[in-house]
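A.B. asks: Below are the chains, spelled out letter by letter.
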Amino acid sequence: MRRSLKFRPLLKACFSLFRIETAESLQYRAAAIAGASIGIFWGLIEITVYTVFFLFADRNEAALSLPQVVSYCWLHQCLFGFFSMNIDSEILAKINNGDVGVELCRPLDLYFHWFSKTAGKRIGRFWWRGIITAAVALLMPAGYRLGAPDSSWVPGFCLFLISIGAAFLLCTSFGMLITAIRMGITWGEGPANMLFLLSLVLSGAYLPLQLWPDAWQGFLFFQPFAGNFDLPIRMYVGSLSPGGGAAAIGIQLTWTAVFIASGRVIMKRKLRNIIVQGG
Amino acid sequence: MPQIQLTGIQKRFTVYERPEGKWPLLRGAFIRHARQVQALDSVSFSVEEGEMVGYIGPNGAGKSTTVKIMSGILTPDAGKCVIMGRVPWRQRVDHVSRIGVVFGQRSQLWWDVPVNDSFDLLRDIYDIRPASYAVRRDELCAALDLGGLLKTPARQLSLGQRMRCELAAALLHSPRILFLDEPTIGLDSVSKLALRAFLKEENQKSGVTVLLTTHDMDDIQALCRRVMVIGRGRLLYDGGLAVMLECYAAREGQDIDEIIAEMYRDMELGEE
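Residue numbers (the working numbering), protein chains in the order written: chain A, 1 to 279; chain B, 280 to 551.
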């Protein structure tokens, strides 16, 4: 009873935090253009390399065709704003210099407080970077162009949009899990960076997961990080069966729930023994 | 039942020390020495509603630790603390929605956004009703003279301006208790006087309890009749300010800072 009474104010406060962080990060247009330029540059390099591979391969029996891989590269660059290789710098500073104390003086659950902030920042960053990259990718000459979504199965595109939303929650909840693990630790960023890198590799950022060995495909489909980019992009390029789309979203949401639950538990335990640094 | 009641609060921190010198330095990479520091040693006091209490002590005495425990940030190792019927660290969210905290050395405003947006955000976080929020905000803006600052991002405010905004931010939800941890640190005389006048008025008007931690004895003298002295984690004095000053004043016309320094010496409280 008491919980349900508290739920609406929490939601309202979180939404408010999300909004202010989004508005703030949307201001940084130079950073957005810089991010988009990097994305476009990487996209072009990747496409060039894949084109060479596909043209000169002895046997061409890959699970994805070259146009699918080209679209994959662009979409991955568009969606990359969701993902972060670091713990949110503002939150990390608060952990390190003891401003966690100020955050704890707010009548809010710290996990959802930070989740909303992180989410707001990421959506703001994603917005410009994603739009600019997508626009440029659609204007590229043939062979380098972002292809149209797979039209053989129309609901697939709707599932793709839903799946993007789920990917956003998944990336954010994983970032929050790492943040929770990082709390109360004074020995630097190494382990956090390793975990982020592992998640990036397993999310298909360096090589689309469907181009990995066939024997691994089962594991790659069900592991948590496929949902970051790979699963939604499969829906767009049409390399996932219609039934697989719903399953993929189910996998994304399940892992999101697991990350949120474990992040909250860890954060709660850390807060019990927290030492607020500084006078 | 007093509004704030602390009984036998204990808190220790573990400090890791590295041996000095060339070879011990290397050894320190493998073996570390943990030392226990008793930050608070059985601290007990109570504060009634509407009081203004000064909480003083030399650096490292445990003032901030006490404030952190009372605001639900730190969990003590032992002892009881009940504030308005709640245990701060157990019912943190309920507790902090009824207190206001200002840390002089930390900011609670959002750095990059206009002050007004910070206030609106606090309205949502504290779930203040829009009508009473507008009234309260205008009241605070008038009292603290914030009219011209509301559209400025916090990062562009001077320290004095920011401190006034911080105070308003801490009072928007009309808390019953206000913890101030060195609120006048680094402020010029004009800002200090304005801040003191405001606190006095706010205390009289709304009856908010104020617990003031500071090194500025003029703050204490201007605001508090009661003062608590803490040193090496123990509460050493709790009583009237006038009585304490009389007790330690060696000669006529002595400066209050000199008297306090004399008292710290007498209690053997210098920095370690």
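Calculated directly from the structure, the hints in this document are not laboratory data. There may be inaccurate statements among the hints.
Unchecked claim - As a list, the in silico BS3-like pairs of lysine-lysine whose alpha-carbon atoms are at most 25 angstroms apart:
#1 B:Lys359 - A:Lys268
#2 A:Lys268 - A:Lys12
#3 B:Lys359 - A:Lys270
#4 B:Lys484 - A:Lys12
A.B. asks: Each hint: holds or not?
C.D. replies: Verification of the supplied hints:
1. B:Lys359 - A:Lys268: At roughly 21 angstroms apart (the allowed maximum being 25 angstroms), A:Lys268 and B:Lys359 satisfy the hint.
2. A:Lys268 - A:Lys12: Holds. A:Lys268 to A:Lys12 sits at ~22 angstroms (cutoff 25 angstroms).
3. B:Lys359 - A:Lys270: Given that 25 angstroms is the threshold and the Cα spacing comes to 22 angstroms, the pair holds.
4. B:Lys484 - A:Lys12: Distance of about 31 angstroms is beyond 25 angstroms: violated.
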